[in-house]
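Protein chains in written order, with my numbering: chain U, 1 to 631; chain P, 1 to 366.
Calculated directly from the structure, the hints in this document are not laboratory data.
None of these values were measured; they are calculated from a predicted model.
Beta carbons are placed, not taken as given, at the ideal position from N, Cα and C, and that holds for glycine.
Incorrect hints may have been included.
[Stated by the list, open to error] Selected chain P positions facing chain U (in silico; Cβ < 8 Å):
| # | residue |
| --- | --- |
| 1 | Tyr17 |
| 2 | Gly67 |
| 3 | Thr198 |
| 4 | Asp220 |
| 5 | Gly262 |
| 6 | Leu276 |
| 7 | Ala278 |
| 8 | Arg299 |
| 9 | Asn329 |
| 10 | Asn333 |
| 11 | Val363 |
These are the residues of each chain, in order.
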Amino acid sequence: MPPSRAFPRYLLPFAMAAAAAARAQEPGETIEVQGERRQGSPRAPAAAATVVDMAQFGGEVRSVAEMLSTAPGVSIHALGGPGQTATLSLRGASGDQSLVLLDGIPLQGPGGGAVDLSTLPATILDRMVVSRGVLGAQFGAGALGGVLELLPRSARGSWTGGAEASVGSFGTERLALDAAMPAGNGSALIALQGDRTSGNFEYARQLTPEIAGSPYYGFTRENGDATRGSGLLRISQELSGDLGLDLLLQGSAGVRGLPGASSAPTPRSREFDADGVAGVRLRGSSGDATWSVRASGRLDRSELRGVLAFGDCEDGTPDCPRQDQRSSSARAEGELALPAGEANSLRFLLSGGGEWVHGTTGAHRRGLLSAAVRDDLALGAGFSLHPALRLDKVGTQTGLSPGITAQWKPAPEHPLSLRAGWGLSYRAPTFTELYLERGGIAANPDLRPERAWSVDAGAEWRLALLTLSATAFWSSYRELILYQLFPPARVKPFNVGKARIAGVELQAVVPLPAHLLATVSYSLLDAVNRADGHKLAYRPPHRLFVRLARRGDRLEGYGEASFTSAIPRNAFDTAFVDSQLLLNAGIGVRAAGPLWVDVEAKNLLDKRTYEDLFQYPLPGLSIALIARARL
Amino acid sequence: MKRIALLLLVAACGGTYQAPPPVASIALPDGSQLKPYDPAQPGQARPQGLAQAAGRVYVTLTNQRDGNPNPVNAGPGFLAAFVPSTGAITLIDLGGSDGKQCQNPGSVRTSADGYLYANCSGNFSGTDGSRAIVEVDPLANAVRRRAAIPNGRVPNGVAVTATRIWTGNAFTTTVFSIDRTTLAADPTPPVPVDCPKTVFNYVADVMTIGGDVYALCGSDISGELYRLDPDTGAVKAHVTVGPNPTELAGLDDGRIVVVNAGDNTLTVVNPTASGLDARTALTFVSGTSALQDVRAFGRTVFTVASGSNTAQRIDLAAQGGAKVVAEANFGENAGPWNILPLDDTQAIVSNRGTNTIAAANWVTVK
């Protein structure tokens, strides 16, 4: 039976009733006004940054990856469809070259590399901060393209709670619950999210693409289902005086089909994964100094079943072994912020720990040691300077990451600010690159760290809700680790790449009449392989995102367009992923009390011919119905 | 020889040769028919090279089973002989008495005197005893002789001349020869046929065209076509083609075509008195991926791309330049590896993914 595109028929009466209720209440409507837009990361003052506030996507079924793709300088490498692997690329860097932190705790994939954003539950987050540039000095080795900080919902001192349920096309469903409450001398928050999708959308492709005008044939995506459960627990306690204790536990587990590329589907391949993060932090202050010590750990497990180098196989047969990969890390860190005069503040950080991996890569471990110092200098006349230096030892590889950012504001309340930054850092090879021998992938234990530096400068005009910003950057990479074909039939990573990536990032957030808010972001990326002058594959030269949203007390809605220009798909400028234009829209009403009902449509043009970077098909029109309430 | 004579006859009469239509799909043997070393773990045909001889078509069967990380040689290499219009198959065991004297056969080529030669690459270790060049008598459906390969070399491609068999080395950018009389590797040092690389380079294939031997060096960033003396291997000329070239073929006017998987292009090479002249004749569309093979019938060029499961028929003399005039798709996971034109419109492919021989069902430009 073909999958249903329309949202479930039994929910239609509820949606219509809700709309009628909203119309009746229109005259007395009050409009929710957003507060001051939040600044970037406190760990990287004056760095180019974008804050993605989850609240602005209320009433929309959004993954972390979808929300991130609204920010300039961000592109998502996705393997097609809901629930499937998606990794982050900042300023043209690969997923391995950007750090992802959950409440300050570094996340990694099971092989020590790119984080799969599809495993991160969106509804337990409060906001995301995307800081762009080589930021190893501020965040640690590995931050070559930038850093994504995931900031989970915070516990509050009173009882609050919320629930969200959605159903939509391709059997996609989500249920999310959260509750915050007083607890002891502090507060606690628990949040849960469950997602599932059949993922069996229809798509179309040409079987004979060389023949102009040859027909498109329809297919149904198979083995694209995904089921995931996630949870978050945060407890915050004030112990005595200036002493406080914070606890964070986050976990996620899922199973999904790995459907494969459109020309080579893999109906028998499955992936099971589970991960958990735990952190406990003791914080305090003494005079003007503040300090914190923290212990954190992370566990990841991923098991592939029915997966071969080139295709799938029958799980459980002798030539089809399960591929189990587990990684973990633990670290302790202490941080001290020490004012040194009225215009000077020093921050020191010391951390140590280790990370382990075992499974398909064999068993390996390496130590982690970091020491960092940062100075925040107010120089007068509106100038501030933020030099930083960090030493990271990852296994046997040690590197120094210096960086500096500067900012000028004519006056503290003046809307104009100018900023600039420079950074130099490195990325140690991941366990996957060093040791993973799986399918068509070969390991290379002789890899050296990648190195990069970048410089950027920008201007921002910020006045209440109005924000206009422009940033230009230039970055240079060397010793890039690239997977290359390795005869007879494998790929293997080598330190062979050197690249120059330059670009421009523009963003405008403009309040309009009728309580509308317009957001426009544009990214220009010029990524060049310095060895031969060809463009780097998989980097979109142009990305434009436009969104018009209205948030009100009784009526909300949005419309948005996302355009991505043709993307090079090989290393010789001769194969491209076609340009893509996606239109999404949604509308919602407050049906009764705190209950909101929204209807959302994605890919309104019903383009079923789009594919992602790796020729995985993308879904056409999908419709979702969302009900949510917050007390 | 029969085919050439037939072609000459047809040309003399001013007509166009048309082969009997091939059957749509021929399932290749599997399971016990492929004599697995372990009956519990049989291989699959995984067909590759195609050649014509004695009125039949021959395809190499690598006889591998899926393995991790690489496919495993599950039994001896085979040649499967068949008539495309009927599909009946005769298997020729290349493995010898112990079943291990030829594993993983890749290319198969016909000599001017009607014998078939196939290169057996073994397990790509470069030291196993299953590496060989085997000589097959198509009339007897049997292996006549077998040439052992010196250690450290993995044969890739076969070019047969009157006195020698040339093969490339999958490990290095060299070619070496085997004496056709003794079927022993010549003691002379291998001939370098290098091309610039960042990560890897190797000899993608060798072929006899117009009396000379041509060797194709492929790398991750470049490709180079070498023209060699058929007796000594001395380099007569060489020219740069596209990156990561995978195969070459000769046209009946002396030109040579090369498919380049790196940049998705077709190069046409024109032998001149002073050397070789190469130009990019065609860039395939982005939807065509992993070009694996090129063959020619007269001046019509046929290519195959395993990533997109497609084959193309190309008119080099089309107005405005070379153009794909017909294309066929062999279905999901087909993995077409090699192509064999039967005439200037019909062709069959070996589908490594689905273990079939399939006729191209062309979609043409309107």
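Quick rundown of the hints versus the structure:
1. Tyr17: Constraint on Tyr17 (chain P) not satisfied, violated at 25 Å.
2. Gly67: holds, 6 Å
3. Thr198: Hint holds; Thr198 (chain P) Cβ to chain U Cβ min 5 Å, cut 8 Å.
4. Asp220: With Cβ-Cβ at 5 Å, under 8 Å, it holds.
5. Gly262: This interface hint holds because 6 Å falls under the 8 Å limit.
6. Leu276: violated, 21 Å
7. Ala278: violated, 16 Å
8. Arg299: Not OK, violated: Arg299 (chain P) not within 8 Å of chain U, min 19 Å.
9. Asn329: Result: holds, 4 Å to nearest chain U Cβ.
10. Asn333: holds, 5 Å
11. Val363: With a minimum Cβ separation of about 4 Å from chain U (threshold 8 Å), the hint on Val363 (chain P) holds.
Hint check: violations occur at hints 1, 6, 7 and 8; the rest are consistent with the structure.
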